[in-house]
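Trainee: So the chains spell out like this:
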Amino acid sequence: MFKGIFGSENKGKILLYIYTHGESYPREIAKILGLYLNGVQKQLLNMEKDGILYSKLKGKVRLFGLNPRYPFKRELESLFEKILKFIPDEERERIYLPRLRPRRTGKPL
Amino acid sequence: MKLKGLSLKDFAIVISGYLLKNEIEVILTGGACVVIYTNNKYMSYDLDFVLISSDKEREVKQLLLDLEFYEEDRYFKHNDTEYFIDFVSPPLSVGEEPVKEITEIKKGGNLLKLLSPTDCVKDRLIAFYHWDDRQSLKQAILVYRNNKVDLKEIERWSSSEGMSAKYKLFLARVEHR
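Those protein sequences? They're chains L and B, same order as listed.
Everything in the first sequence is counted per this note's numbering, starting at 1 for the first residue and increasing by one.
Everything in the second sequence is counted per this note's numbering, starting at 1001 for the first residue and increasing by one.
Only chain L is shown next, with the shape it has when bound in the complex (with noise of 0.2 Å):
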C-alpha cells in the first residue's frame, strides 16, 4: 500500500507509526512493526534531511516527530487519516492505536 506514494513500503509504515505517536525512537519503531534497526535507522535519517522529520535528544535518546516546518505536513496528515481506514482493524489497533493515558506505575496489563 505504502509502496506507490513513498516509494518503500517501510518508509510508509514508519512515517504512519510516527504519525499516530507523535513522536518515537528507531528501536521502538523497528521491534513494533519487525523492521531491522540498522534500515529504521536509515530511513529516519534520510527522512530528517529531506525536512520531513525532525529529531531530538531526549536523555539518551533520540525521539523523531513530523516536522512542523514541512510545508506539506497538514497534506500528509490528511493522507496519513485516509491510509488509517484501509488498514486492517487488528493492525490498526495492535500497531497504529497507541495507548497515550498514563497507566498507574505497578498496575497489572
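Mixed in with the good hints, there may be bad ones.
To be verified - Cross-link-like lysine-lysine pairs, in silico, DSS-like; alpha carbons within 27 Å at most: (1) L/Lys73 to B/Lys1077; (2) B/Lys1113 to B/Lys1061; (3) B/Lys1138 to L/Lys56; (4) L/Lys42 to B/Lys1077.
Said to hold, decoys possible - Rough simulated footprint, nothing fancy, chain B against chain L, three-plus residues with beta-carbon under 8 Å: (5) 63-71; (6) 81-95.
Hints listed in this document are in silico derivations from the structure and should not be mistaken for laboratory results.
If you're wondering where the values come from, they're calculated on a predicted model, not measured in any experiment.
Glycine included, each C-beta is placed from N, C-alpha and C at the ideal position.
Given the coordinates of chain L, assemble chain B onto it according to the supplied hints.
Mentor: Below, chain B alone, put in the same frame as chain L:
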C-alpha cells in the same frame, strides 16, 4: 579562495558566489540570516543553504571538495574556518507557504541570496510557535528591532498558520521596550 578570517556574512557571500558562478543557485536560510540581520548580535556557525535544484547535490559536493572542504556527518567543514555548511532540501518555505521575496547582497563580484528580514522573522517564529523555543522568539525580536519588517504580513501569516495567540505574545514583546 581565501576563507580564513572571514565574517559569517562574507563567508556566505563568497560561497554563494562561487556556487552561482558554477550555475548552482542557493538561498541562505536559518540562523545565519539572523546573524547577518542583527550585525552579529546573535552568533551562529552553521550556514543552511536551500539548494534550489535538488538534482545538483553531487555537483555541489564536488565543488566544495575542490575547495578542500570535507564532509562530516552531512555537514561541509573546512580547516580554515569555524563555519560549516548544510544543504537543506527544497522547497524554500516558511511554515506552509513558499518564500516569494528574496533579498540579495552583492559584494566583490559575488551575490548572496537570502531570506528577507520579514521572512527571517517568520522562520524564527515557526520554532517558537511549534516548539515553544524561547531562543527563537528572542532572535525574531532581535531581527525585528534591527530591520524594516512587515508586521502586518507576519500577523497575516501567523493567522494562516493557526498561531494568532502566539503571535500576540511576539507582538507584546516587540511593542514593549
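Trainee: Give a verdict on every hint.
Mentor: Right, here's what the structure says about each hint:
A C-alpha spacing of about 31 Å is found between L/Lys73 and B/Lys1077, which places the hinted pair above 27 Å, so the restraint is violated. Our distance criterion of 27 Å between C-alpha atoms is met by B/Lys1113 and B/Lys1061, whose separation comes to about 19 Å. Our distance criterion of 27 Å between C-alpha atoms is met by B/Lys1138 and L/Lys56, whose separation comes to about 21 Å. A hinted pair counts as satisfied when its Cα atoms are at most 27 Å apart, and L/Lys42 with B/Lys1077 qualifies at roughly 22 Å.
Here's how the stretch 63-71 of chain L fares: 3 of its residues keep a CB closer than 8 Å to some CB of chain B, so the rule of at least three is met and the hint holds. Here the stretch 81-95 of chain L counts 0 residues with a CB under 8 Å from a CB of chain B, which misses the bar of 3, and the coverage is violated.
In this structure, the hints that do not hold are numbers 1 and 6, in rising order.
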